[in-house]
Amino acid sequence: MNRRSYRLEEIAHLVKGECFGEKDFQVFNLASLEQAQNQHICFVNGDKYLSQAEASQAGAYIVTAALKQQLSSKNNFIVVDNPYLAFATLTHIFEKKITQRGISSTAKIHPSAIIADDAYIGHYVVIGENCVVGSNTIIQAHAFIDDQVEIGKDCFIDAHVTITGAAKLKDRIRIHANTAIGAEGFGFAPYQGKWHRIAQLGSVQIGNDVRVGSNCSIDRGALDDTILEDGVIIDNLVQIAHNVQIGQHTAIAANTAIAGSVRIGKNCIIGGGSAVAGHLNIADNVTLTGMSMVTKSISEAGTFSSGIGLFENSHWKRTVVRLRQLADVPLTQITKRLDHMQAQLESLESTLKLRK
Amino acid sequence: MNRRSYRLEEIAHLVKGECFGEKDFQVFNLASLEQAQNQHICFVNGDKYLSQAEASQAGAYIVTAALKQQLSSKNNFIVVDNPYLAFATLTHIFEKKITQRGISSTAKIHPSAIIADDAYIGHYVVIGENCVVGSNTIIQAHAFIDDQVEIGKDCFIDAHVTITGAAKLKDRIRIHANTAIGAEGFGFAPYQGKWHRIAQLGSVQIGNDVRVGSNCSIDRGALDDTILEDGVIIDNLVQIAHNVQIGQHTAIAANTAIAGSVRIGKNCIIGGGSAVAGHLNIADNVTLTGMSMVTKSISEAGTFSSGIGLFENSHWKRTVVRLRQLADVPLTQITKRLDHMQAQLESLESTLKLRK
Amino acid sequence: MNRRSYRLEEIAHLVKGECFGEKDFQVFNLASLEQAQNQHICFVNGDKYLSQAEASQAGAYIVTAALKQQLSSKNNFIVVDNPYLAFATLTHIFEKKITQRGISSTAKIHPSAIIADDAYIGHYVVIGENCVVGSNTIIQAHAFIDDQVEIGKDCFIDAHVTITGAAKLKDRIRIHANTAIGAEGFGFAPYQGKWHRIAQLGSVQIGNDVRVGSNCSIDRGALDDTILEDGVIIDNLVQIAHNVQIGQHTAIAANTAIAGSVRIGKNCIIGGGSAVAGHLNIADNVTLTGMSMVTKSISEAGTFSSGIGLFENSHWKRTVVRLRQLADVPLTQITKRLDHMQAQLESLESTLKLRK
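Those protein sequence lines, which keep their order, are chains U, F and V. Just so we're aligned, residue 877 is where the first sequence starts under my numbering, counting upward by one. Just so we're aligned, residue 877 is where the second sequence starts under my numbering, counting upward by one. Just so we're aligned, residue 877 is where the third sequence starts under my numbering, counting upward by one.
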């Protein structure tokens, strides 16, 4: 491993924190509280991790001022407002980066393609006609960059990624292994019992700082483009159909499927295993909890759900029996009828009392 | 881009429509009503797009006779019975096609494989023993065609597709990027607390005109073959387990999982995110709406569902609390008891009245 | 095909069964009861397959002693306690194995990598710095084995698999086509409306005899490792997020998503299309039926569910209308109120009778 160590004070400086204890303490890596050894630094993400921190073997801790006071048995601290953010920052200095630059001897690059001198193009990468690859971008082995695709600077395209459909990617984008971008959308016109293929003529536009996980499918548009705006983050095994538009900084968790022509606003969070039906609009700042199904547009910010949490199996089976009966039960009338009968009963009772 | 333009009259001829306006109007591309410019042609898919059509900058419109009469401000039309089908047809003339033919210098083809002279085999494609690739078939970069696989004519196999398990593909099939066909089915015999692998000896048969999206998994059969009949269309990220059989012209939307040995009939439509349990039969002409779960065979045509649409989160939480109570509520008796008590009450009331 | 035939007695010996009928009967393959021809052997997996067995053309049958007695029209049998297990064993002798060994001329192997002499490395495989590939391991075409990855002996890594993140794989592991192991986990710190990437420093550990299907995503850990223990089996299109730990011999069916830091016990079975929310613990011997959603830890063995089976669509629509009313219906009070009013009614009735 080519990671070097950092002095505690250096690290404090990097995260704009204050250093307490041994300024020259050598930190060799980040670690979890559970598995840390003496040469490691950990972060404490709130009061609920205090007992784990007490028990930890780590040599230094990233904490808030309040947390520091509760960890009197420890010596070395970096105090920050947001330990989780400081941790995120530090992961980048301990990350093993790909430092190779240039074009591998086995890469096949079309003569018309423009590749920045300081890009890295891995083994067996194929890059087609009129492609562009920007400065400091890394394209791992076996990636296939089809004709007319443009990739900006500081991007990371992992192994076995397919980018086709003349997709245009801006800067600082990360596309993880085995993802397909710009493949043909699922467009067919039904006619006389058969499906007639609609060749897809649109493309894909991906904004700055977008992250797409592994094994995702992001289809090209039918006529207009499929668009992921700046800062969108997408987990693994996610389907983005043709002509979808996703607003800035929206996050989509794994195994979610977004059907064709859906428009999702900014700053949304979509839980894993969700599905959104075609041609719907979802407003900004919408959160969907896990396994939600969206069948109507959502016009206002808020949190929405439709995934049911677990039941013990025999309880569940009895519940489903009731669910199958539910349609024929006039739920809204039951309480009304009960109230009405209660009134009748009371009236009868008082009548009887009067006649006593 | 190598697309040429077409005269309006030429396009009318291609879609068997009637041309109105400037017969020599040059059309450079298809476009959406929203984004069209003057050199583009659009289709109007029904009355609900009329206001968008009015506002569109397109130079020509594909419409029905009825729609044409309502677009008096426009000049150039092609009148057809089915504008959507005409649009589907036209996408093929504006599609940028792969015109290369022959075998790339870097492709590795086993000497026993038979490749049609006018096929295209992209860079780094690997083709194994006794494989066959038919006339006019395109195999994109990095595809892996394992031993004994046969592919018919006019097929398109995109980058990073794996075809193994001696799969047999007929003609005019499209397999999109990063899909795995013929990988080993998930077959294990449980014995003494361990899973004992069942090597899969069956294969995969894919009929004419089948379309499989990107990142799909279509496993080989255990003993018999997994079969996709003619005209089946499958979206992205779909799982087809071993020994599944899917009937002609059935469509399956994204992120659906079909478990082992399921038989699905003809002309079915399966909504996205659905799951079908193993060894079930589904009749012809069945439609499943999104996120359906099938746990019993379906013996008759019809539409079926079990996915729940979205609730506002606090409403949903209160609903789930009720769902957890539901099993113990004798739903079918409630109305009966209410009716019975109502009758008792009325009888009491009339008794009292009589005694007045 | 290079499969040879076996004498019935030989097969009986291989599965430790007893041979009845023609000991020298030549068996050329395993087959299903439905499609078997005379030179094939079938297994009969219980009484419910007896009529299919009667009608089968197979030349020999693997049965229990009890089943044999009910198949009086057949001659050749192998009698075992567990026909399904015997079948699993036999699939291995009829499987067409990859017999090639050595490193393909087109593979790119870093000089520091250690590859066993009897491993097979397919065309265009790329193997990075300090990698290890054990004895008798097969790595198919185009696989990408990134720096520091170690793979044990007798493994099978199929085409287009990506293994990165310095993952460590033990022995007898099978990873199917287009799966990504060790890609970066979905870790982002939200701050001032943006997502700040957390570089993932952990790795992936995969135990002996693990099987991972095609198009799966198994992410590397954030700090600690993602761990699949010995004997875990995973179907296709499954998401295993960072820091997940899965206990021995647990099975996970297709299209399931396990979110970050989940711990799943031993011998669990997780139905297809399920989702488990982050940071939960699931005990040993837990079974989840299909499309379950887990939102709380499960502390005891048992079977759990939350996926709803299919309804006819109009029935379903009416059910969902009721579901939307359900939150406001005081279910637990209804029966109590009914009982209470019943008692009141009866009291009134007896009062009236007394006064007659």
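Simulated from the structure, these hints should not be mistaken for lab results. Since this is a predicted model, take the numbers as computed values, not measurements. A hint or two may mislead.
If chains are identical, the list can't say which one is meant, so a pair holds when it fits in one copy or spans any two.
[What the hints assert, rightly or not] Mimicking DSS-like on lysine-lysine, the simulated pairs with C-alpha atoms at most 25 Å apart in a straight line are: (1) Lys972 <-> Lys950; (2) Lys973 <-> Lys1029; (3) Lys1046 <-> Lys892; (4) Lys924 <-> Lys1212; (5) Lys899 <-> Lys950; (6) Lys1046 <-> Lys972; (7) Lys1070 <-> Lys972; (8) Lys1142 <-> Lys972; (9) Lys1044 <-> Lys984; (10) Lys950 <-> Lys1029; (11) Lys899 <-> Lys944; (12) Lys1229 <-> Lys1029; (13) Lys924 <-> Lys944; (14) Lys1212 <-> Lys1193; (15) Lys1029 <-> Lys892.
Consistency of the hints with the structure:
For a Cα distance limit of 25 Å, the shortest separation of Lys972 from Lys950 qualifies neither inside one copy, at 29 Å, nor across copies, at 61 Å. When the C-alpha separation of Lys973 and Lys1029 is checked against a cutoff of 25 Å, the pair qualifies only within one copy, where the shortest distance is 16 Å, while the shortest distance between copies is 29 Å. Taking identical chains as interchangeable, the C-alpha atoms of Lys1046 and Lys892 are never at most 25 Å apart, the minima being 30 Å within one chain and 42 Å between chains. Taking identical chains as interchangeable, the C-alpha atoms of Lys924 and Lys1212 are never at most 25 Å apart, the minima being 47 Å within one chain and 42 Å between chains.
Proximity of Lys899 to Lys950 under the C-alpha cut-off of 25 Å is restricted to the intra-copy arrangement: shortest distance 14 Å within a copy versus 77 Å between copies. Taking CA atoms no more than 25 Å apart as the test, Lys1046 paired with Lys972 passes in both settings, with 24 Å inside one copy and 23 Å between copies. Proximity of Lys1070 and Lys972 under a CA criterion of 25 Å is satisfied inter-copy only: 24 Å between copies versus 52 Å inside one chain copy. Taking the shortest Cα distances, Lys1142 and Lys972 never come within 25 Å of each other, neither inside one copy (32 Å) nor across copies (33 Å).
Only within a single protomer do Lys1044 and Lys984 lie at most 25 Å apart by alpha-carbon distance; the minimum there is 20 Å, versus 30 Å between protomers. Proximity of Lys950 and Lys1029 under a CA criterion of 25 Å is satisfied in neither setting, with 43 Å inside one chain copy and 45 Å between copies. Proximity of Lys899 and Lys944 under a CA criterion of 25 Å is satisfied intra-copy only: 16 Å inside one chain copy versus 79 Å between copies. For the identical chains of this complex, Lys1229 and Lys1029 are neighbours neither inside a copy (90 Å) nor across copies (91 Å), given an alpha-carbon limit of 25 Å.
For a Cα distance limit of 25 Å, the shortest separation of Lys924 from Lys944 inside one copy, 14 Å, qualifies, whereas the shortest one across copies, 63 Å, does not. Taking the shortest alpha-carbon separations for Lys1212 and Lys1193, only the inter-copy value of 24 Å comes in at or below 25 Å, while the best intra-copy value is 29 Å. Taking the closest pair of Cα atoms, Lys1029 and Lys892 never come within 25 Å of each other, the shortest separation being 27 Å inside a single copy and 48 Å across copies.
Checked against the numbered hints above, the structure breaks hints 1, 3, 4, 8, 10, 12 and 15 and satisfies the rest.
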